[in-house]
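Q: Next come the chains, spelled out residue by residue.
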Amino acid sequence: MRLIIAGFGTVGQGFAEALSKRADMLSSSYGGVKIVAAFDSKSYAADKNGLDPIALVKRKTDTGSVGADKMKDGIDVLNSVEYDILVEASPTNIQTGGDGLRYIEHALRHGKDVITVNKGPLALKFKELKKLADRKKAMIRFEGTVGGAMPIINLCCEDLKGEKVRSIRGIFNGTCNFILGRMDNGLPFEQALKEAQYMGYAESDPSYDIEGIDTACKVVILANSVFKRNVRFSDVSITGIASVNAEAIALAADQDMVIRLIGEVSDTVLEVSPRLIPKGHPLSISGTLNTAQIIADMAGPITISGKGAGRIETASAILSDLIAVMEKRR
Amino acid sequence: MAQPGKARAWKARGGLRLGSSNLPLGAFYCPVLRIKYNKKSGLCTCIKVNAMMVNADIFVKDLPGQLVGSLEPISLVDGNIVGVVHNRDSVMNGRIGVNITFEVTSSDALEMLKNIWKKKDIIISRISSVVETFPMDYVLIGQIVPSQIERILNNARKAVDIESVDVRYSSNASNTERTAMISVNVKSEESLAKMNAFMMSACKKANIVYIRGVEQ
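Chains X and B, in that order, give the protein sequences. If you read the first sequence in this note's numbering, its first letter stands for residue 1, the second for the next number, and so on. If you read the second sequence in this note's numbering, its first letter stands for residue 1, the second for the next number, and so on.
Simulated from the structure, these hints should not be mistaken for lab results. Treat the hints with care, as some may be off.
Said to hold, decoys possible - Straight-line distance between alpha carbons at most 27 Å, and here's what the computed DSS-like set of lysine-lysine pairs gives:
#1 X/48 - X/164
#2 X/34 - X/164
#3 X/21 - X/58
#4 B/194 - X/279
#5 X/136 - X/21
#6 X/164 - B/194
#7 X/34 - X/136
#8 B/187 - X/279
#9 X/21 - X/72
Claimed, not checked - Incomplete in silico selection of chain B near chain X, CB under 8 Å:
#10 92
#11 139
#12 141
#13 185
#14 189
#15 209
#16 213
#17 214
For clarity, every value in this text was computed on a predicted model and none was experimentally measured. Ideal Cβ placement from N, Cα and C applies to all residues, glycine included.
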């Protein structure tokens, strides 16, 4: 299988490392995988015989660029290299879908399979991309877009295929959960946010996380993929955590409850908001973990938990999608 | 006798035609069902209504037919038997202990049942009842004054069947912001959905941040 990696930031590099780690298994079970091109925002590297994943990571770390060749548009790379699967890991843009959306559309239009961890394109144009993939008999997989290493989409769409999933409620943003967990310990919101930034969990502009935008993107992806709804980011009712104050946390604690930012989706609900959760409930966890409670009609409640972000954790989700694609293309 | 679970299943299917052979006769005597008849379509829909859950320990004579004799009056008061444990180890003056869990629609029906049992020489050693309610908590943050919360709750009572309400305020109120926690118990799932919608809309109008609990 020939791969192109679009976007060589933290996740792209993590995936290259994961490929190197699993090279023997991929070779013995699936005949091997080679990276025929990789590009970031400025440069690209390409070799039809395959690039060394670790050398790509080293070059990016040392020079800030993945390749020696300058690049204006990633589409040029997609047009000039023969490949089977596009692994799309460029930065999320929730306003337009960004370059990621263009790369995905281009690859699908040419009948190539796509694996993406980019929430923007899916939150904005899920149905269109799915239709395009079906029309071109290509696959689009996106396990890494929701919950990082926590296998929620494939669990619901494949392992629970015989079930009617009634609802999914979960903590899908580790940054918010870290902040709210620290507020449980008495920290005011501003200080908890600063601590999250110091620890590297929150960006210098944390609005994407604390305003609930990141969780809303994930809720849209779950609604469209698991519940087969046709919704967009703008359909989600969103309340962030910026207005949660110490008094609210104290009042909740007095009643043996905590406040957590919950994304909820069902056939009729599409909501992101801070919610009161009884202590001991599966959704009352602290720290940066993600967790989700799936309510299925026959199996009842199923709770999963895992690392929602991170270099190698998200790469693990891409790898599972890659193997799923290769299984089907055998 | 029809079971509550079955009633929900019927409701989900959108009701049953009157006189249809697949409608168990007992369904009409089940208190957790209310039959809603639609003249136009000829359909009747079974709806779950509020019921009082009762658990009772009674002692019946150790003779054939006594157990059935103690259960029949529950049907007579339109009750619905949920569970029966015939405890042969619990013997008192030649009588055997029976623990029954059942639903009745009102305390009047329960009183009627107690009278029937007494007439039938059935000894009631313990009886306790619980009305099933659905709890929900809300935290409200904003420029809140108690009279405003009172107004919101008075309006909520007009729209929703509320069983009980408890309001707490944060002790650390600043000039600009106050936090309140409202705990309510409502009588049905439908009321809970109505209450959530009401609170969401009322808080939005009053520019108050609203945080609600999760349905269990």
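Q: Work down the list of hints and note, for each, if the structure agrees.
A: Okay, the hints, checked on the actual structure:
no. : hint          : verdict
1   : X/48 - X/164  : 45 Å, violated
2   : X/34 - X/164  : 38 Å, violated
3   : X/21 - X/58   : 15 Å, holds
4   : B/194 - X/279 : 26 Å, holds
5   : X/136 - X/21  : 32 Å, violated
6   : X/164 - B/194 : 25 Å, holds
7   : X/34 - X/136  : 23 Å, holds
8   : B/187 - X/279 : 24 Å, holds
9   : X/21 - X/72   : 31 Å, violated
10  : 92            : 41 Å, violated
11  : 139           : 5 Å, holds
12  : 141           : 6 Å, holds
13  : 185           : 14 Å, violated
14  : 189           : 14 Å, violated
15  : 209           : 4 Å, holds
16  : 213           : 4 Å, holds
17  : 214           : 6 Å, holds
The structure is inconsistent with the numbered hints 1, 2, 5, 9, 10, 13, 14, although it conforms to all the rest.
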